[in-house]
Amino acid sequence: MKIGIEKSLTNVKQYLEQNNQQAVLLDGSKENAKRGLKKYDAIVASGLDSNFLGMQDTLTKTPVINADGKTAEEVFNEIKSRLE
2 MKIGIEKSLT
12 NVKQYLEQNN
22 QQAVLLDGSK
32 ENAKRGLKKY
42 DAIVASGLDS
52 NFLGMQDTLT
62 KTPVINADGK
72 TAEEVFNEIK
82 SRLE
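For the sequence shown, the numbering used here assigns the number 2 to the initial residue and increments by one for each residue that follows.
Note that these hints are calculated values from the structure, not bench results. Don't take each hint at face value.
As the list claims (entries may be wrong) - Using 25 Å as the maximum straight-line C-alpha spacing, the simulated DSS-like pairs for lysine-lysine come out as follows:
id, residue 1, residue 2
1, LYS40, LYS81
2, LYS71, LYS3
3, LYS81, LYS39
4, LYS81, LYS62
5, LYS14, LYS39
6, LYS62, LYS14
7, LYS39, LYS8
8, LYS81, LYS8
9, LYS14, LYS81
10, LYS14, LYS40
11, LYS14, LYS71
12, LYS8, LYS40
13, LYS81, LYS71
14, LYS3, LYS81
15, LYS71, LYS8
16, LYS14, LYS3
17, LYS3, LYS39
18, LYS40, LYS62
19, LYS62, LYS39
20, LYS62, LYS8
21, LYS3, LYS40
22, LYS62, LYS3
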């Protein structure tokens with residue numbers, strides 16, 4: 002799976018990589034927003050800023066996982082269950 006990760010969630014990125022997932026840090030720039038979210042199987046955000054990608058009005062079928070209050074393992078399990 003290719004998973005976009007909010008920049009502040011490096012622990013989640015490391016956990017996903019240890020579990021053989023391709024994790025890419027997203028910096029919230031307009032350039033990332035222009036590239037779109039379709040190239041990711043899932044997006045993980047901290048929940049601190051629900052609009053960190055500037056995409057609040059964009060409809061996407063890509064699941065957005067709120068990592069707030071969750072361990073990296075819990076985030077990974079939610080990603081797997083949402084993509085089944």
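Open item on the list: Need the list of violated hint numbers for this structure, in ascending order.
Closed with: Failing hints: none at all.
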